[in-house]
Amino acid sequence: MTGAMGARGVVFLGSPAFPDAARTALADDRLRANLRRATTTIRDKRLAATGELDDWEELRAAGEAIKRHTLRHLPYYLERLEESVTAAGGTVHWAADAAEANRIVTELIRATGATEILKIKSMATQEIGLNEALADAGVTACETDLAELIVQLGEDRPSHILVPAIHRNRGEIRDLFAAEMGHWGRPAPEGLTDEPAALAEAARLHLREKFLRAEVAVSGANFACADTGTVAVVESEGNGRMCLTLPETLITVMGIEKVLPAFTDLEVFLQLLPRSSTGERMNPYTSLWTGTTPGDGPSAFHLVLLDNGRTDTLADEVGRQALHCIRCSACLNVCPVYERTGGHAYGSVYPGPIGAVLTPQLVGVEHASSLPFASTLCGACYDACPVRINIPEVLTHLRAKAVEAKAGHRRLPTLEALAMKGATAVLVSPARLGLAQRAASLGGRLLSRRGRIGRLPGPFRGWSDTRDTPAPPAESFRAWWRANRAGGQR
Amino acid sequence: MRIALFITCFNDTLFPDTGRAVVTVLERLGHQVEFPEAQTCCGQMQFNTGYRPDAVPLVSGFARTFGGYDAVVTPSASCAGMVRDNHPVLAEQYGRRQLQQDVAELVPRVYEFTEFLTEVLKVEEVGAAFPRRVAYHPTCHSLRGLRLGDRPERLLRAVRGLELVELPRADSCCGFGGTFALKNADTSAAMLADKTAAITAVGAEVLCAADNSCLIHIGGGLSRQGSPVRTMHLAEILAATEGDRG
Amino acid sequence: MSTRDTILGRARAALGDVPPAERPEEAPIPRGYRRSHADVPLVELFAERVADYRATVTVAPEHQAARTVGRLLADRGLTRAVVPDGFPDAWLPGGTFTRLGDAPPRTPAELDGIGAVLSTCAVAIAVTGTIVLDAGPGQGRRALTLLPDYHLCVVRAEQIAGDVPEAIALLDPTRPLTFVSGPSATSDIELDRVEGVHGPRTLDVIILTSTEEA
Chain A
1 MTGAMGARGV
11 VFLGSPAFPD
21 AARTALADDR
31 LRANLRRATT
41 TIRDKRLAAT
51 GELDDWEELR
61 AAGEAIKRHT
71 LRHLPYYLER
81 LEESVTAAGG
91 TVHWAADAAE
101 ANRIVTELIR
111 ATGATEILKI
121 KSMATQEIGL
131 NEALADAGVT
141 ACETDLAELI
151 VQLGEDRPSH
161 ILVPAIHRNR
171 GEIRDLFAAE
181 MGHWGRPAPE
191 GLTDEPAALA
201 EAARLHLREK
211 FLRAEVAVSG
221 ANFACADTGT
231 VAVVESEGNG
241 RMCLTLPETL
251 ITVMGIEKVL
261 PAFTDLEVFL
271 QLLPRSSTGE
281 RMNPYTSLWT
291 GTTPGDGPSA
301 FHLVLLDNGR
311 TDTLADEVGR
321 QALHCIRCSA
331 CLNVCPVYER
341 TGGHAYGSVY
351 PGPIGAVLTP
361 QLVGVEHASS
371 LPFASTLCGA
381 CYDACPVRIN
391 IPEVLTHLRA
401 KAVEAKAGHR
411 RLPTLEALAM
421 KGATAVLVSP
431 ARLGLAQRAA
441 SLGGRLLSRR
451 GRIGRLPGPF
461 RGWSDTRDTP
471 APPAESFRAW
481 WRANRAGGQR
Chain B
1001 MRIALFITCF
1011 NDTLFPDTGR
1021 AVVTVLERLG
1031 HQVEFPEAQT
1041 CCGQMQFNTG
1051 YRPDAVPLVS
1061 GFARTFGGYD
1071 AVVTPSASCA
1081 GMVRDNHPVL
1091 AEQYGRRQLQ
1101 QDVAELVPRV
1111 YEFTEFLTEV
1121 LKVEEVGAAF
1131 PRRVAYHPTC
1141 HSLRGLRLGD
1151 RPERLLRAVR
1161 GLELVELPRA
1171 DSCCGFGGTF
1181 ALKNADTSAA
1191 MLADKTAAIT
1201 AVGAEVLCAA
1211 DNSCLIHIGG
1221 GLSRQGSPVR
1231 TMHLAEILAA
1241 TEGDRG
Chain C
2001 MSTRDTILGR
2011 ARAALGDVPP
2021 AERPEEAPIP
2031 RGYRRSHADV
2041 PLVELFAERV
2051 ADYRATVTVA
2061 PEHQAARTVG
2071 RLLADRGLTR
2081 AVVPDGFPDA
2091 WLPGGTFTRL
2101 GDAPPRTPAE
2111 LDGIGAVLST
2121 CAVAIAVTGT
2131 IVLDAGPGQG
2141 RRALTLLPDY
2151 HLCVVRAEQI
2161 AGDVPEAIAL
2171 LDPTRPLTFV
2181 SGPSATSDIE
2191 LDRVEGVHGP
2201 RTLDVIILTS
2211 TEEA
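Residue numbers (the working numbering), protein chains in the order written: chain A, 1 to 490; chain B, 1001 to 1246; chain C, 2001 to 2214.
Pulled out of the complex, with its shape left as it was, chain A reads as follows:
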């Protein structure tokens, strides 16, 4: 990624542009094997779970329509949400950017006197770099989701929205648990094997004592219903339930686009999300809470509504649809590019196809200009998206913006811009095209051996490293037509 990021922490500092980061990832055979295995498993599961519903397309259409409608009236629904949450005993805070959100959360935690807090996996808090901000303030944030724990213990970066440690296989996880758990709390059991069940057991034991004495937890939110103030967290392991139930103080950080008009809208999203995400009919646990309930769960509930680039995204009529995203990660799992490069190559909290459209919009396209090009536009993401985000459409839209932004910063056009202008100058005229074809035919035959062009320099080196190119034929189609068919026509 070119350029450094300021307050909006979506992009990891110092990340190289996608093609360079991808090259590193592609050279890692173990990473590619891990990714291939995981994405293949989940694709089949998702297809089975979505194929079971004969009205899947109707559900997608409803999901898309609800999201589109909500965004078009976002101020209205945010105000309703604030009213409902407040009436139910919660406190609503507003954060314009990452720095403000981190400041709000830090102050809320300080007020409780806690120095260690628990976290439920949350994209929003990762986006704002909350753990790092808390560490600076002397507060230890313990991740409780298994994959987040793996990432945290390994001082690693997440590489997937749903399964942040997808790039790690069971053997790597075993080694990490054995080496690192003791530094954070209860060490891994002696003789830990790489059986997933044994690894899950180790995580259970390690986190149990933390859950039992937790005072403050921080979560994200999958949905928040404007009419009732109900907030939803969708999870599998039960770490979410622990964090939402046991501490006295719960702080939820939520992107403003997560609001839904009505509690009953959950009937659509609780069908779309689990089936798209883990390929299950329903995820093991979904918690819904409305403010606070005396005698049950936290006595203090804070909801932090986060903008951090979302209103900028909202202003783009084409790009706005990226805010429909419900973070299911189906687009990552079906993406042929993600399958090869993994998530780190995207240099962002949001990897994969959705990351390629969301990241440049959240941080400004000039700060993530290689991401809209990190796609073949194959369309698998659009087909898989449960809320019908037309990712290829947004990608080409952002490519145009990236080109414009680049042109705006330079006095001279790029070579690529000149090439495109040149191509158009030839292509607007059939006569010029005919001439160019004759030149290409001659040049191609000069470069070729036995009808094939081998390795080439310059911008074509990457292409020609692994592919031959056929030499252009002596006669173009239009030349053949003129010689054989054109008589009497026109």
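Calculated directly from the structure, the hints in this document are not laboratory data.
All figures in this text were calculated on a predicted structure; none of them were measured in a lab.
Any given hint might turn out to be false.
Said to hold, decoys possible - Here are the simulated distance ranges between beta carbons:
(1) A:Arg485 <-> C:Pro2019: 22 to 28 Å
(2) B:Asp1244 <-> A:Ala486: 23 to 29 Å
(3) A:Arg452 <-> B:Arg1169: 24 to 30 Å
(4) B:Gly1149 <-> A:Ala440: 33 to 39 Å
(5) C:Gly2115 <-> A:His183: 27 to 33 Å
(6) B:Glu1105 <-> A:Ala486: 35 to 41 Å
(7) C:Glu2022 <-> A:Glu57: 22 to 28 Å
(8) A:Arg461 <-> B:Arg1154: 39 to 45 Å
(9) B:Arg1154 <-> A:Gly191: 56 to 62 Å
(10) A:Asp55 <-> C:Glu2022: 26 to 32 Å
As the list claims (entries may be wrong) - Listed below are the simulated BS3-like cross-link pairs for lysine-lysine, each with C-alpha atoms no more than 27 Å apart in a straight line:
(11) A:Lys406 <-> A:Lys421
(12) A:Lys406 <-> B:Lys1183
(13) A:Lys421 <-> B:Lys1183
Where a beta carbon is used, it is the ideal one built from N, C-alpha and C, also for glycine.
Put chains B and C on the given structure of chain A with help from the hints.
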């Protein structure tokens, strides 16, 4: 019915055989084909690479060239998709009202070749013979862009002597993606390697598709690996008859 | 200006393309999806779908509730469990079983140590094999059905809704709600599902049919 062939600049320059094959098949089915010589390019490369304004003159040129025909047939799923999905976008964003109208009026009459055969002419058997073991790669634009479904396979199954073999993970992108193959050459090559491995694994003699752009990429990879598998546009298979050497 | 007003102002400015005549709450949402995908009797479907998550399912007539609960606990070697207020006495086994209450509220460590909980539910969902707890009678506060490693949930057949939309319509959003679909699980290692992480690792479900039906 006045049928125009939109050959595409890419096929025109590099794959004239494909254009001749389209003409052969349509004439065999009793239709006359015209080739408006003013045609050039749909602007897909400019559009997909982010140079939208550079594509606009090509959109108006396309509308001007093909406006008078009942059907515009092209042997390229990605160019058909470009016209259908993105010409209206460009006309809306940059064009005058007249261009918007012309594009809106023309777009429904633009067909990819296999789509034209099966949906407009309603044929699947086109009198072809091709005694080879053939694998079909559904390109992303045919599969998810134009939603051609199994139409190309239906045409292939009706070819005498042809043995159609199924590619594993056929629906997975080959990694071409236009300028993606240049900008992200390493990722593109990794995707290509998986595709060529699948083709080799099924023991196909010929790999065909509805788009030469993906085929130049896959064929280029196979050629570099020294593979005996040939790539051919589907139209060329449909044009083949018993007399051909194949 | 407060941050609240800044964000709302930015959002309003971003939505200049939305015609003023377009009102919220009058959303033209296409709701052509089904209210339910259940196509076989609900008890049968619910039982099958719960079992898919590797929870055990026992169907019993209501008059055999106590015996069935007793048998399941005995199979697990359990002689005591937390029983929330409002759980029907008639469903509790006799013999050596010890019923533990929650008044005054037990600490998390105590609940963790007890290791077993019996509960009813608010609603169940056949298609997804889900039980929904709303902290009502027989369920208690959320921690009770979370910390013990074993959860036995008794569902009356008439509580089973066909599918998610039907269930949502039956729920009271002002109550804390927990949807439970099988024992706790994770897919975080190689995207392969493994049962048993932080929530109860064993989930037994009893479906009580009315005595006449049985």
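Are A:Asp55 and C:Glu2022 spaced within 26 to 32 Å by their CB atoms?
-> Cβ of A:Asp55 to Cβ of C:Glu2022: about 27 Å, so the range 26 to 32 Å holds.
Assess, step by step, whether the Cα of A:Lys406 is no farther than 27 Å from the Cα of A:Lys421, and give holds or violated.
-> Answer holds: A:Lys406 to A:Lys421 is near 15 Å, not above 27 Å.
Outcome of range test on Cβ distance (B:Asp1244, A:Ala486; 23 to 29 Å) | At roughly 25 Å between Cβ atoms, A:Ala486 and B:Asp1244 fall inside 23 to 29 Å, so the hint holds.
Cβ-Cβ distance between B:Glu1105 and A:Ala486: within 35 to 41 Å?
-> For B:Glu1105 and A:Ala486 the Cβ distance comes to about 27 Å; the hint is violated.
Is 22 to 28 Å right for how far apart the beta carbons of C:Glu2022 and A:Glu57 are?
-> 25 Å, holds
A:Lys421 paired with B:Lys1183 [C-alpha distance capped at 27 Å] = This hinted pair holds, its Cα atoms lying about 18 Å apart.
Starting from the hint 22 to 28 Å, judge whether the C-beta atoms of A:Arg485 and C:Pro2019 obey it.
-> Since the Cβ atoms of A:Arg485 and C:Pro2019 sit about 53 Å apart, the hinted range of 22 to 28 Å is violated.
Starting from the hint 39 to 45 Å, judge whether the C-beta atoms of A:Arg461 and B:Arg1154 obey it.
-> 41 Å, holds
C:Gly2115 and A:His183, beta-carbon distance inside 27 to 33 Å?
-> 29 Å, holds
Indicate whether the distance between the beta carbons of B:Gly1149 and A:Ala440 respects the range 33 to 39 Å.
-> Hint holds: Cβ distance 35 Å, inside 33 to 39 Å.
Using the Cβ atoms, figure out if B:Arg1154 sits within 56 to 62 Å of A:Gly191.
-> With a Cβ separation near 59 Å, B:Arg1154 and A:Gly191 satisfy 56 to 62 Å, so the hint holds.
Hinted pair A:Lys406 and B:Lys1183, Cα distance within 27 Å = Judged against 27 Å, a Cα distance of about 16 Å means the pair holds.
Taken one by one, the earlier hints fail for this structure at numbers 1, 6, listed in ascending order.
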